[in-house]
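**Q** In terms of our numbering, the sequence shown is residues 29 to 353.
Please keep in mind that the hints were generated in silico from the structure rather than gathered at the bench. C-beta atoms are modelled at their ideal positions from N, C-alpha and C, and glycine is treated no differently. Warning: the hint list may mix true and false statements.
Stated by the list, open to error - Cross-link-like lysine-lysine pairs, in silico, DSS-like; alpha carbons within 27 angstroms at most:
id : residue 1 : residue 2
1  : LYS277    : LYS121
2  : LYS184    : LYS270
3  : LYS311    : LYS281
4  : LYS348    : LYS311
5  : LYS281    : LYS306
6  : LYS277    : LYS353
7  : LYS210    : LYS353
8  : LYS353    : LYS281
9  : LYS270    : LYS353
10 : LYS311    : LYS68
11 : LYS277    : LYS306
12 : LYS348    : LYS277
13 : LYS270    : LYS123
14 : LYS123    : LYS277
15 : LYS306    : LYS348
16 : LYS68     : LYS121
17 : LYS129    : LYS353
18 : LYS121    : LYS281
19 : LYS270    : LYS121
20 : LYS281    : LYS229
21 : LYS184    : LYS210
Claimed, not checked - Label-pair restraints from in silico Cβ distances:
id : residue 1 : residue 2 : range
22 : ASN282    : SER231    : 37 to 47 angstroms
23 : SER351    : VAL126    : 32 to 42 angstroms
24 : GLN94     : ARG174    : 16 to 26 angstroms
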Amino acid sequence: MKQVFKLNLAVKHAAVFFASITLLFQTQAYAEDVWTTLQKTAIAARSLNYSGIFVYQNGSQLRTVQIVHINDGTNEFARNTVMEGEPREVYSKGKDVVIIKPKNDKVVMEKRHGQNLFPAILPSSLDTIKISYSARLGVNEAVSGRSTQIIYLESKDNYRYNYKLWVDEENNLLLKMMLLYKNETLEQVEFNQIDFINNPKSSSVQPKIDVSKSYVVDDATQSSHANGGNWQISVLPPGYRKIDQIEIKVPNKNVIVNQLIYSDGLAAVSLFIEPVSKGVRPKTGHITMGSTNMCANVNAGHQIIVIGEVPATTVMEMSKAVSFK
């Protein structure tokens with residue numbers, strides 16, 4: 029009888045073992061499938077040719093934007109036109125971004141670099157965000173008349189927000205995004221019209237602002253890439269790494285402002301370090317504006333300001349982590 033009992037027990041344990049192994053591999057395959065879809069989404073936003081209108085909402089801010097995106101096989105172009113208020117366009121070629129807006133009888137161009145604009149919010153490589161986020165599938169929903177798969181990107185800690193993504197089932201383009209924190213929607217971007225272009229022409233993304241006006245480059249602030257400094261950041265929040273450092277020369281100020289940019293692959297945080305000028309009262313404290321948090325303090329005669337679309341904990345800890353050599 030004992031031998032029969034032991035045999036039955038061994039069979040049960042073996043069954044549980046093999047069932048567990050099967051479940052483990054199914055779970056791993058499920059996770060890989062989610063990340064595979066997200067990788068396709070990252071590629072689709074940069075490789076497909078499309079035009080449409082999306083609505084951006086953050087707190088009390090509400091903007092309608094017209095987008096045209098072209099990839100001719102050699103270069104990637106996009107033009108975003110803000111449809112409310114004064115004309116404003118964001119033109120990009122690859123990672124180079126130019127903001128074009130009218131000012132009196134001129135058109136002012138502001139140069140930017142390396143912004144991940146909707147729907148291309150995901151980085152080309154997802155390795156960095158896998159460190160800080162877990163991914164899971166949701167239900168299927170229609171967005172702009174198209175079937176989408178919902179995917180949740182959930183933070184593994186309290187140093188970043190959660191993302192809810194609606195991915196087109198046919199071509200993997202991101203059609204809608206929500207930024208979530210503690211069950212509250214902080215930001216939403218959604219296509220209400222989307223068309224895919226069969227015969228793309230780079231001319232379709234050229235700026236539409238009045239070309240009869242003279243164009244000037246806004247050089248009110250001069251900036252250049254830099255490395256190092258007389259400070260150090262003791263401990264960064266998990267998952268964040270420095271991706272850029274910029275020296276900014278501000279007009280009418282005989283000082284250089286250093287901007288250090290940190291990212292976890294999705295969220296980005298800027299840390300500004302500036303010597304406190306004589307007679308200037310430095311800023312201190314914390315403020316929240318929609319999904320953006322900003323924290324300011326003073327350390328060793330320097331104004332420290334940290335700002336980003338991240339929880340308050342992140343900017344507060346980073347502002348306290350700066351020390352001077």
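**Q** Are the hints correct? Go through all of them and say.
**A** Right, here's what the structure says about each hint:
1. LYS277 with LYS121: With Cα atoms ~26 angstroms apart, LYS277 and LYS121 stay inside 27 angstroms; holds.
2. LYS184 with LYS270: Holds, because 20 angstroms separates the two Cα atoms, which is no more than 27 angstroms.
3. LYS311 with LYS281: Given pair LYS311, LYS281 holds - Cα atoms ~17 angstroms apart, limit 27 angstroms.
4. LYS348 with LYS311: Holds, at roughly 14 angstroms.
5. LYS281 with LYS306: holds, 11 angstroms
6. LYS277 with LYS353: Given pair LYS277, LYS353 holds - Cα atoms ~22 angstroms apart, limit 27 angstroms.
7. LYS210 with LYS353: violated, 38 angstroms
8. LYS353 with LYS281: Holds: LYS353 and LYS281 sit about 24 angstroms apart, inside 27 angstroms.
9. LYS270 with LYS353: Roughly 19 angstroms separates the two Cα atoms, so the pair holds.
10. LYS311 with LYS68: violated, 44 angstroms
11. LYS277 with LYS306: Roughly 17 angstroms between the alpha carbons, so the hint for LYS277 and LYS306 holds.
12. LYS348 with LYS277: At roughly 24 angstroms apart (the allowed maximum being 27 angstroms), LYS277 and LYS348 satisfy the hint.
13. LYS270 with LYS123: With Cα atoms ~17 angstroms apart, LYS270 and LYS123 stay inside 27 angstroms; holds.
14. LYS123 with LYS277: Holds. LYS123 to LYS277 sits at ~23 angstroms (cutoff 27 angstroms).
15. LYS306 with LYS348: It holds: about 23 angstroms lies between the C-alpha atoms, which stays within 27 angstroms.
16. LYS68 with LYS121: holds, 21 angstroms
17. LYS129 with LYS353: Roughly 42 angstroms between the alpha carbons, so the hint for LYS129 and LYS353 is violated.
18. LYS121 with LYS281: Roughly 32 angstroms separates the two Cα atoms, so the pair is violated.
19. LYS270 with LYS121: holds, 23 angstroms
20. LYS281 with LYS229: violated, 45 angstroms
21. LYS184 with LYS210: holds, 13 angstroms
22. ASN282 with SER231: 37 to 47 angstroms: Check passed, 45 angstroms falls within 37 to 47 angstroms.
23. SER351 with VAL126: 32 to 42 angstroms: This hint holds: roughly 37 angstroms between Cβ atoms.
24. GLN94 with ARG174: 16 to 26 angstroms: holds, 18 angstroms
In summary, the structure is inconsistent with hints 7, 10, 17, 18, 20 from the numbered list given earlier, while agreeing with the others.
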